[in-house]
Amino acid sequence: MNRISGMRILLSVLAALLAYLPDAAVGDEVRVAVASNFAECLEALAPAFEDSTGHQVIIIRGSTGRHFAQINSGAPFDVFFSADSLRPALLEEKGLVVPGSRFTYAEGRLALWIPGAGPEDKRPVAEILRAAEFDHLAIANPRLAPYGLAAKQALENMGLWEDLRPRLVMGQNVGQTWQFVASGNAEVGFVAYPQVLSAPAMRGRWWKIDPPLHEPILQQAVVIKNAENAAAGAQLLDFLKGFEARATLIKFGYLIPEN
Amino acid sequence: MFHPDDMVALGLTLKLAVISTAVLLVLGTPLAWWLAMTRRRARPLVDALVSLPLVLPPTVLGFYLLLFLGPDGPLGRLMTAAGGRPLAFTFTGLVIGSVIYSLPFVVQPIRDAFASVGHRPMEAAATLGASPCDRFFSVAVPLSRRGFLTAATLGFAHTLGEFGVVLMIGGNIPGHTQVLSIAIYDHVEALDYARAHMLSGTLLVISFTLLLVVNLIGRRQPGVRT
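Each protein sequence line maps, in turn, to chains H and Z.
To get our numbering, take the position in the first sequence, counting from 1, and add 620.
To get our numbering, take the position in the second sequence, counting from 1, and add 42.
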């Protein structure tokens, strides 16, 4: 075989491969930036939405702080599911979201998870934390992640923040915080209650940490202005307000906010 | 000028880079010597292993290290059995991570320098009655000094810029595991661009100066290659 025909074969193979790359779907792609605590739940919701609308949901998970910074810099997202209400409100103020699209889709719940705790441990949370029988307490970074901020508020309200500070390890988001505890590297961690509920193999014990120990975690979503598929994004938010979606939210451990 | 927390991160990063580079030079030199001189069949295998961090995403290293160092991992168990504590979220853990992460950047230049010295000067020294140890330290090492300089600089600079591994095994503890690159990442996410600029600019200047100095030194001492 001479060199030219070899090259020709290579090119035709490449062309064939390119031709088979997934074509644009019938519906639109909705690019959704999702707080890591809500990603699992949205993944569970996506098929029903995709079936009824023909759109395809692309999930981009990460910390609310990072998504917020990226949207500020013009990231090509259609919808933003934040883990708080502060950042969507800030985006609204800056005129970066579709007016009127902001709404509270869920109220998040914080949980303290101790994989090594036995079922007989009936002590209240503050007492367990005060005893401090651990080297590392994992929380999400309070500067970046709303669940981290809630954890910090809870520790402050229990008067333990300063005492436990040297033992804190911080995940970039509540997802990484979960993984610090699940891998056994941190013995104790403040995670999202939905993570506790949906974990395949839960070990140890967990305690729900609810207001007034911390400010309510109101998780808001917005449609991004000038997004490529803002209309499909708005449809997704409407879907979240529906009965079917709310049932899933409750199943995952969220509270339904009174909008 | 600098926020006090950022000063801590800067100091910690420099400390990590200095210690990691020192450990790398001590461990890397015999390894590089072996790789340059051996004719064993295992050589390509070891060479490939040493080069792995060049191509692996740091997240892969970070992930395996997290499992390896953790309380259920081999090293974690060993540490606990020895009465110590698992090394994730500790400075020592970061040193271990950095040493693995920067290994090829240190071993490869030294290996190449040793290889270009070759067997001949060593044999000449042997006929003059130098012991193997003597030959190594007074012939091979001085002839390879440029290799060592390159290795030390690259190891240092590469550790300064380490991010993915630290992100996964560090836990972002100020003064212990929060290095410069992580602090920058946090500032950007928190939209504190002023502090991100300060630290990024500092890192840029340090890294550039470091490479420039090495280039200048390299120029002043012309080639030692035989």
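Hint data in this document are derived by calculation from the structure and do not stem from the laboratory.
Be careful, since some hints might not be right.
In silico DMTMM-like pairs for lysine to aspartate or glutamate, Cα to Cα no more than 20 Å straight-line [unchecked claim]:
#, chain 1, residue 1, chain 2, residue 2
1, H, K871, H, D830
2, H, K714, Z, D234
3, H, K828, H, E864
4, H, K861, H, E660
5, H, K772, Z, D47
6, H, K772, H, E740
So, going through the hints one by one against the coordinates:
1. H/K871 - H/D830: The hint holds at about 18 Å.
2. H/K714 - Z/D234: Holds, at roughly 17 Å.
3. H/K828 - H/E864: Roughly 25 Å separates the two Cα atoms, so the pair is violated.
4. H/K861 - H/E660: holds (18 Å)
5. H/K772 - Z/D47: Distance of about 19 Å is within 20 Å: holds.
6. H/K772 - H/E740: violated (27 Å)
Hint check: violations occur at hints 3, 6; the rest are consistent with the structure.
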